[in-house]
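S.K.: Chain order of the listed sequences is A and B.
According to the working numbering, the first sequence is numbered sequentially starting from 36.
According to the working numbering, the second sequence is numbered sequentially starting from 109.
These are calculated hints, taken from the structure and not from any lab test.
Among the hints, erroneous ones may be present.
[As the list claims (entries may be wrong)] Listed next, with one range per pair, are the computed distances between beta-carbon atoms:
#, chain 1, residue 1, chain 2, residue 2, range
1, A, Arg77, B, Pro432, 38 to 46 Å
2, B, Glu146, A, Ala90, 22 to 30 Å
3, B, Glu178, A, Pro67, 53 to 61 Å
Ideal Cβ placement from N, Cα and C applies to all residues, glycine included.
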Amino acid sequence: MTTTDDPLAPAGAQFPLARPETAPPSGDEPSPVGVRPWGLRRMGPVLVPSGRWLAWGYDHDRQLATDPDGVPVLDVAAGPPTAPTTQGVDGEDPPSSEDWINDYTPDEPFQP
Amino acid sequence: MTVLILAGERDISADRMVRALGERGVPVFRADLGWFPETLTLDAELRDGRWVGRLVGRLVTPHREVALEELRSVWYRSPSTFRFPAGLSGTERQHALHEAKLGVGGVLGALPVLWVNHPSRHADAGYKPRQLVAAARAGLAVAPTLVTNDPAAVRRFATQCGPAGVVTKMFGAPAISEQGGRRVALTKRLSPARLADLRGVEISAHQFQRWAPKREEARVIAIGRQVHGVAIRADSAAAYVDWRADHDALSYERIDPPAEVQRGVRTVLADLGLVYGAFDFVIGPDGTWIFLEVNPGGQFGFVEDQAGLPLTAALADLLARGAP
Chain A
36 MTTTDDPLAP AGAQFPLARP ETAPPSGDEP SPVGVRPWGL RRMGPVLVPS GRWLAWGYDH
96 DRQLATDPDG VPVLDVAAGP PTAPTTQGVD GEDPPSSEDW INDYTPDEPF QP
Chain B
109 MTVLILAGER DISADRMVRA LGERGVPVFR ADLGWFPETL TLDAELRDGR WVGRLVGRLV
169 TPHREVALEE LRSVWYRSPS TFRFPAGLSG TERQHALHEA KLGVGGVLGA LPVLWVNHPS
229 RHADAGYKPR QLVAAARAGL AVAPTLVTND PAAVRRFATQ CGPAGVVTKM FGAPAISEQG
289 GRRVALTKRL SPARLADLRG VEISAHQFQR WAPKREEARV IAIGRQVHGV AIRADSAAAY
349 VDWRADHDAL SYERIDPPAE VQRGVRTVLA DLGLVYGAFD FVIGPDGTWI FLEVNPGGQF
409 GFVEDQAGLP LTAALADLLA RGAP
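Taking the hints into account, I'd like the entire structure generated from these sequences.
M.R.: Structure, rendered in structure tokens:
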């Protein structure tokens, strides 16, 4: 068995892409017990969002994120980029830094 | 020769990589595929069996472009999905998405350069049951695992696991967007009450594993042939089950995985066609390392910061070298 010769992912999934940060959250309500998948019955809210990264931009010249004053974010983050009080693991707020973000491979196009 | 970084705009690890490659004098073209088609253009022709042409970012300033044939490597760092102009119907948008995936993704994916990781290998590696098979075949210890949509099978498995107990975890993203916000479900041990109410198991596939007693956990970052390890120790009940549940309760220490674990990690990478992987292990009270999963796009910044590992540098060297 090799994944190269025998891929599992269908063609459309072989170029996985992440959810846009600007995509609005879904307003769907959970289905009743018995209809909702069991694995979703333990879902809870994301804990302890950080106040950092509330304002930021992207500098196309330097190819990195900046704060409102144009300073690279990786230079102005207080302390190490990993903020232990957040769910993020690279110093950012969720969801962009969460470890599982690459698992999200939307098959539906983003609606602006 | 340029390194292409495909990443979202808000990604501090990508920021670090841009800087690290710049310090090495390596040209970088960073783009998010969410810029396509409005501010990112592909112009590729098939010549002599390979794609040549330009990837052009029509950005505010400066205008930046890269020739496909001048790329040495690509870091596939979770780019966001394509964004299409307002006004398209749902049908048109769906068509545009699939055409973009197959067209842009097809051209980029066919480039004969080093990929970290190739998106198709990344996609395949996301199938955790397959990961477990690869790990077991590589000689790594894996926990007894059940995949089912049959509540009776869940009860049978729980009985087999005995007092050790059972945990449940998602195959894919443990997060959803619902009720106007984001909701998550980390790894949980199953209480008797939860085992008694399995309504909804039959709706989809679910994963259950025998709880692996743990002294601590380890994240192992494999970059090419390099294998870096960090022990993650939990000081709260929630973090003991899933360290992502309570970052405040964690401490980190750089460790060297046993030789057989390092061999297993490299074998799994080769099996899955990856050159980068973030592996999670449980280290049992007797020192046994039990494979949990490998994330082909797993984060490494927190490991670098907390344990002082030179991971950005190692990855930058790999991308600059253009060969594993």
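S.K.: Look at each hint and say if it fits the structure.
M.R.: Results for each hint:
1. Arg77(A) x Pro432(B): 38 to 46 Å: With Cβ atoms ~40 Å apart, the hint holds.
2. Glu146(B) x Ala90(A): 22 to 30 Å: holds (23 Å)
3. Glu178(B) x Pro67(A): 53 to 61 Å: The hint (53 to 61 Å, Cβ to Cβ) holds, given that Glu178(B) and Pro67(A) are roughly 57 Å apart.
Checked against the numbered hints above, the structure breaks none of them.
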